[in-house]
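Engineer: Starting from the structure of chain A, add chain B where the hints point.
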Amino acid sequence: MNAKVLHPFSKVPQPQKATILVIGVEGTQKKQFAESLLRINVPYLLQIRTASYLPLPEDKENTRPNIDFVAFLLDMNNSRSLTSVHDSLKHLDASYFLGRVCFIVSQANHDTIHCTDLTDVTRLCDSVDSPMLSINFEVEEDCTIVARQVLQMLEIAAGMKPGVLPLLVQATGQSYQYVSGEDVDT
Amino acid sequence: MSQSTSGKKKRTQQEAESHQDANLDEQIDYFTSENSNKKNRNHVELSLALSKVESVAKEQGLTSEQLITLLDVSASGKFPVSTSSKLIKCLLPSRYIPEEAAIKCTSWICSGTPARELQVFLLKWMVLTFELLGRSEKLHALYGVIFNFIENDSLCPHACHLLYKLTRKDDVLPFRVNRLLKLQKKVGSQSYIIGLLSLYKVYQPHLVVLSVPASKRIFFRVIERNWMVEIRKARERSLPEEGRTGATLHTVNQNTGVTQISKKRKRDVIPSAVTAAVTGERLTDLSLVGSQLSSIPSEQIKSFEELLNSVDRLELPGQIASVLKSVVLQHAVACYQEDQISQRLGFWLYETLHEEILDQPFSSNKARGERCLKLVINFTEFLQEGIPACENFLVRYLHTWNGSDYRPYILRLISRFRLYDFPKLNDLILEPLRKLFFCSSVFCKCQMIHTFTMMLKNFVTVEIPRYQAERGKGEGSQTSSEGDKFNISMFTISQEEFDFYGTVEKFIQFVDKLITVAVMAESDHALLFHYLLTFYELVSELRCKYNTPFVCIPSAGIVYRALLSSNCVQISRMCNIVCSYRREFSSWKEASKTADVWQGTRDLIAPFNQYILDFSNILWRNKAFKKDQVVHEPFLSVIPSEVIDRTKVDGPNDGLSVLRHIALVGYAYQFLKETQPKNKKLHPNLIQPKNRDLYLEFLQRHRLEGVLAFINTYIKRTSTKR
Chain A
169 MNAKVLHPFS
179 KVPQPQKATI
189 LVIGVEGTQK
199 KQFAESLLRI
209 NVPYLLQIRT
219 ASYLPLPEDK
229 ENTRPNIDFV
239 AFLLDMNNSR
249 SLTSVHDSLK
259 HLDASYFLGR
269 VCFIVSQANH
279 DTIHCTDLTD
289 VTRLCDSVDS
299 PMLSINFEVE
309 EDCTIVARQV
319 LQMLEIAAGM
329 KPGVLPLLVQ
339 ATGQSYQYVS
349 GEDVDT
Chain B
14 MSQSTSGKKK
24 RTQQEAESHQ
34 DANLDEQIDY
44 FTSENSNKKN
54 RNHVELSLAL
64 SKVESVAKEQ
74 GLTSEQLITL
84 LDVSASGKFP
94 VSTSSKLIKC
104 LLPSRYIPEE
114 AAIKCTSWIC
124 SGTPARELQV
134 FLLKWMVLTF
144 ELLGRSEKLH
154 ALYGVIFNFI
164 ENDSLCPHAC
174 HLLYKLTRKD
184 DVLPFRVNRL
194 LKLQKKVGSQ
204 SYIIGLLSLY
214 KVYQPHLVVL
224 SVPASKRIFF
234 RVIERNWMVE
244 IRKARERSLP
254 EEGRTGATLH
264 TVNQNTGVTQ
274 ISKKRKRDVI
284 PSAVTAAVTG
294 ERLTDLSLVG
304 SQLSSIPSEQ
314 IKSFEELLNS
324 VDRLELPGQI
334 ASVLKSVVLQ
344 HAVACYQEDQ
354 ISQRLGFWLY
364 ETLHEEILDQ
374 PFSSNKARGE
384 RCLKLVINFT
394 EFLQEGIPAC
404 ENFLVRYLHT
414 WNGSDYRPYI
424 LRLISRFRLY
434 DFPKLNDLIL
444 EPLRKLFFCS
454 SVFCKCQMIH
464 TFTMMLKNFV
474 TVEIPRYQAE
484 RGKGEGSQTS
494 SEGDKFNISM
504 FTISQEEFDF
514 YGTVEKFIQF
524 VDKLITVAVM
534 AESDHALLFH
544 YLLTFYELVS
554 ELRCKYNTPF
564 VCIPSAGIVY
574 RALLSSNCVQ
584 ISRMCNIVCS
594 YRREFSSWKE
604 ASKTADVWQG
614 TRDLIAPFNQ
624 YILDFSNILW
634 RNKAFKKDQV
644 VHEPFLSVIP
654 SEVIDRTKVD
664 GPNDGLSVLR
674 HIALVGYAYQ
684 FLKETQPKNK
694 KLHPNLIQPK
704 NRDLYLEFLQ
714 RHRLEGVLAF
724 INTYIKRTST
734 KR
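Residue numbers (the working numbering), protein chains in the order written: chain A, 169 to 354; chain B, 14 to 735.
Rather than coming from a laboratory, the hints here were simulated on the basis of the structure.
Ideal Cβ positions, reconstructed from N, Cα and C, are used throughout, including at glycine.
Among the hints, a few may not be true.
Claimed, not checked - For each label pair, taking beta carbons as the anchor points, the in silico distance ranges come out as:
hint	chain 1	residue 1	chain 2	residue 2	range
1	B	R634	A	D294	47 to 55 Å
2	B	D658	A	V296	47 to 55 Å
3	B	D658	A	K258	35 to 43 Å
4	B	L540	A	P183	23 to 31 Å
5	A	K258	B	C348	57 to 65 Å
6	B	T474	A	D297	44 to 52 Å
7	A	K228	B	N580	45 to 53 Å
8	A	V296	B	A539	35 to 43 Å
9	B	D658	A	P183	40 to 48 Å
10	B	Y682	A	T231	52 to 60 Å
Pulled out of the complex, with its shape left as it was, chain A reads as follows (with noise of 0.2 Å):
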């Protein structure tokens, strides 16, 4: 097994624990998503990681728990912060694109103050086939909406929902690319 690929199963799953990894450069509000994610009340033990880039440091990889789902920060201010994403991803194993990743998106509906083009967000989420979100970091309770979503998938990657895997989640969306008439013009 590679070190430097991330895999959902390399350590053993504890009970009544979910863990997520927040990844994003720096400037992308991990830290208060983090907060927010912890303010909601949750009946089990929630733990969560931030790092800035893959693969992760491997001299700290005893202490690491297992990780269940990773969360994507993006700014659409930042456009490094769309190549890093890109560059982290090779490091992530395939079995995480089944229903265990997500990519959230700051600034989204700004389209005058983009660097990067929503598109180029929207065609990576599809080309790994995980959802995206948008967050709005000014609006606290934008923050705690996206944060009780994210939640939600941890639980299921987490296994919390008898019966409900990531992958059967994910089993229910066919994906499908349709272009429709204005984007083959532009």
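Structural biologist: Using the frame of chain A, we list chain B on its own:
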């Protein structure tokens, strides 16, 4: 006594009036007669006649004939300018000014007979009394003539003002714009030219490029204050008489002038309905002007009857979005079927929704967006079809929607989404919704399933008939005439051919998958079950009610979860659903002989029979875990018998019967309590086979009719006592 005095008073008043009239006519005769003194200003007779005419005109106004006579006198240049101008100021009507007078006035100005000063006076008179004109059609025909007055420096301001009041959309032509621009170059940017140009811009934005500074919003100045006051009095005189026909209603509206509207717009998302024909100035007296116009401004339409009477002559408001506020105008817009209107509306809707909802980063003030969405929903529901611009917005919005903002409204709009080919529908709407579905709370999931139900309903009741009608029209078959009542799409959308029933079938399968997983993830939440059963209650009627060529059955995950659930309502409703499938399949079989239905449905019969067998074995025949069955693998037989033995349950096969099912055992207890003597130890087995019918009726009384319906439909009870 009092009557006679009042009668007398009246008589004297009338006498006085007739006397005055005679007197006035004499004075007018003086003006018209050839031999009166024309030169001397201080002539006694002249000044007497003038003062008489003045006083009568100001108090009562002049009749149409008198008005025209005096107009001719003053314009002919018979008297000195000062006298003529005084006369012009006296041209106040008793009720309204005949159009002829305005035309004469124009022709006098054209003739050049009156002095320059008088021409200005005449034109001013026309501007000021424009509201008192009985009708303005013929005058409008002279639009080009009046337009030529702008070349004259002294006439120009007033000509512009008059044109401003006269202009309709057809009048705005490129050469006129050019001439105005040239003139502006010559004389500098005068407020009156800007005023006229800005009106042109309202009508034909593509012809005029102009920005009006806020400081120059007052285009036309009123200089003749006193004269204005007299004219206003004359208007008030004519109004009460017209009031009966509803003019007062409009004057109330007019008092809220243009300035207030623009302020209001800042607060209000949807502009108020103002027809361009009467924008610009303070709104003219519509009842006088509009009633005879060829097109009727939409403000005058207050009821549906009025709309019906004038639907062919209606002029829509300048800002099309204001129709969203008015139910009556929505009818008008929907029946016009003009591309131009729907495009105007669509453009506005997309921009406004984008601005109000997408571009609001700090969603602190949602009231505006909600108001806006509510109106759009109203309009969508009224049209019974999705507005394409709204759908474009929805697709964009769903992409980054957090699943919470404006949720009820967004879902309502989605439920009216058009039917597209399934891959397209999936990418535009279903995939973003699916993504949110699995990361939202159970209540949100319920709302989404409800939305899917509404979508399906919309597809089968509105969208498919519409597509069929369209297709029928294309083929020129006879179905088109019958289907025309559905083919009332306001929007022309070019759609490539696709299999719409195929889309519906795939859509049902998509929802089926979603709810199967959701029910597991939410561990049989009762509310969630309610919504998914509602969905299937609709699906189980598609063939019979909406004539679909296929039948869709729920997947086993849902059917058996309902059967084994601890909620009696779920069992009963699922039984009902299974019952209605009997009608579905027999209807399909009937139709399959004539072969216009899908043969794929035949493959569903076997698994569905399996459902029925399992239901009857478990609920009625006490054979839940037995393996001696006819069709395929019975559902519960997968559980090895050793496992069942190890549970040490007394009579495992009875354990899920109607009597002992965990969801129904409470009812059995209740039933026994009512039927058995007191102090007797109760057990469900006390219900004898012969009493089972009573028990089922008892269940029906408790609104669990599904169980009885199922047994009556599917189980042949030869042995029983009927």
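Engineer: Which hint numbers doesn't this structure obey?
Structural biologist: Of the numbered hints given earlier, those the structure breaks are 3, 6, 9, listed in rising order.
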